[in-house]
Amino acid sequence: MTKTCLTFSDLTLGYNSHPAIHHLDGTIHRGSLTAVVGANGSGKSTLMKGIVGVLKPMAGTVVRAPGVRAAYLPQQSELDRSFPARVVDLVSLGLWPRRGLLGRYTREDRDSVSQALMAVGLGGFEKRPIDTLSGGQLQRTLFARVLLQDADLILLDEPFNAVDTKTVGDLIALIKRWHGEERTIMVVVHDLDLVRQNFPETLLLARQPIAWGETKETLRPENLLRARRFHEAWEENAPWCEPDDHKHGGHAHDHGHDHHHGSGPRAA
Amino acid sequence: MMETLYGLLIAPFADFAFMQRALAGSLMLSLGACPVGVFLMLRRMSLSGDAMAHAILPGAAAGFLFYGLEILPMTIGGLIAGIIVALGAGAVSRFTIQREDASMAAFYLISLAIGVLMVSIRGSSVDLMHVLFGTVLALNNEALTLIGGIVLVTLVSLAIFWRALVAECLDPLFLRSVSRLGSPVHFIFLGLVVLNLVGGFQALGTLLSVGLMMLPAAAARFWTMRVEPMCVLAVLIGFASCIAGLLLSYHVSLPSGPAIILSAGVVYFASILFGTRGILRARIIHHRHRTA
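Chains X and W are the protein sequences, given in the same order.
Take the first sequence: its letter number 42 is residue 42 in my numbering, and every next letter is one higher.
Take the second sequence: its letter number 237 is residue 237 in my numbering, and every next letter is one higher.
Bear in mind the hints are in silico, worked out from the structure with no lab data behind them.
The structure displayed is predicted, hence computed values, not measured ones.
No residue lacks a Cβ here, since even glycine has one placed at the ideal position from N, Cα and C.
Please note: incorrect hints may appear among the correct ones.
Unchecked claim - In silico negatives: residues of chain X with every beta carbon more than 12 angstroms from chain W:
(1) G14
(2) T46
(3) V54
(4) R69
(5) P74
(6) R81
(7) D89
(8) Q115
(9) M118
(10) G123
(11) R183
(12) N198
(13) L224
Stated by the list, open to error - Derived coverage of chain W by chain X (criterion: at least 3 residues anywhere in the stretch with Cβ under 8 angstroms from a Cβ of chain X; other residues may be distant):
(14) 49-61
(15) 78-92
(16) 237-245
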């Protein structure tokens, strides 16, 4: 019996009272590797923000199992690249969960920073100022920081943007290593071939979950077609969502059995 | 030769108590204000410092209105006004869609107008000049103690919150994902800005105290790629500017506040030209490059 890592119950996330994630129910199992796919504006990044707690839910809850520490690599980092810092300074931020505000960095900490950089193929980059890094190098630097955070739950929002093929391979290998270490991983990805090859589970979003479960099942053509029909724009005068519009129950994410998540978009 | 040098550089401080006090006060101010200025600059809030300096005015004016030219009431008044504006502007930018520059501008303009109004109710323009431009050559023990306390609080706070402050500047979203310290650190930092401006306005006046905060920081940016050396360098530039400014003010009988700030200005322009990341260096290096 696997344990749950994340539980969504009736989770609605959004901006200005318009939902970007609408009534999401289900669970993410500990040690699972899930790809989150969907069109632009389908709520993928919003879901990530909701899980990490940067965005507060409009309704419902997302609950982390006790003791689960999350590491989050956002799609649009608020990183200030003109800040006078070196690669080692940026990566060392990943020591925060271990050392906090005042803990001294030890020799082992410095070694683990070097090892993390080595693991993403940036060995010897410690002293480089961050404003001299290329886009792909910066992305790998941020991966090194995630590595250092040593989190149980790893959330990566479009980590393969602006990254060359070889580096994507390296990063996938890193993700698989995390997967082997029983960490829970959710990755927002656009490349469906990449998903089919590397991710056991997939959540297909179009504001609501279209399908959720084993990747092969989820990415079937009829599901993808339904996801594509999703209407991206907000409607200013869309009716208010009443509590009775959606049903509870019957949505438990039953791992290893049938997957009946989000039985299609509910009546709008 | 040695005697001329002594007469030029040492004697003014050795012979006159008021010069010693001015030196002690301004050096202490540099110690606290310059590192704060570095962070202000790195957070792209350089002009917010200016705005905050204006915002302090009504508080100082209220103190002046009720107690005359007394240091403690004016300082406390300035502190209260500064904190109200910092918290108000900070809260508006944190919790609404308006960015900090706009909310800060709104708050400080209102505050400045109130301040000018209050000063004009009571006094002549000479009083206004006092509040605006300060009197570094008339620092009393009370003022020196106050500045010393402010410097102590500043350095201790910076030491404690250093890591969070750097993280909040470098990658605020990351800090939010691992810690709840983001917002508190922002407000603590704004508090330090206010504290140092209030400390400075006795010596340099509300308008110029922000100069000692920003100019050394802006100059130090041209010399280094790391925060720690940048803060140290800013403090050293602040020290040099204070000494040079006071000597200049003594020998040529210039007003001390502007003399100090203009000295820092000279360092700033020199740094633009000759700094390791300055114009000339960039031009020279441009002609040569390595193979990899």
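Hint by hint, here is what the structure shows:
| no. | hint | verdict |
| --- | --- | --- |
| 1 | G14 | 15 angstroms, holds |
| 2 | T46 | 14 angstroms, holds |
| 3 | V54 | 6 angstroms, violated |
| 4 | R69 | 9 angstroms, violated |
| 5 | P74 | 6 angstroms, violated |
| 6 | R81 | 9 angstroms, violated |
| 7 | D89 | 7 angstroms, violated |
| 8 | Q115 | 20 angstroms, holds |
| 9 | M118 | 20 angstroms, holds |
| 10 | G123 | 16 angstroms, holds |
| 11 | R183 | 16 angstroms, holds |
| 12 | N198 | 25 angstroms, holds |
| 13 | L224 | 31 angstroms, holds |
| 14 | 49-61 | violated (count 0) |
| 15 | 78-92 | violated (count 0) |
| 16 | 237-245 | violated (count 0) |
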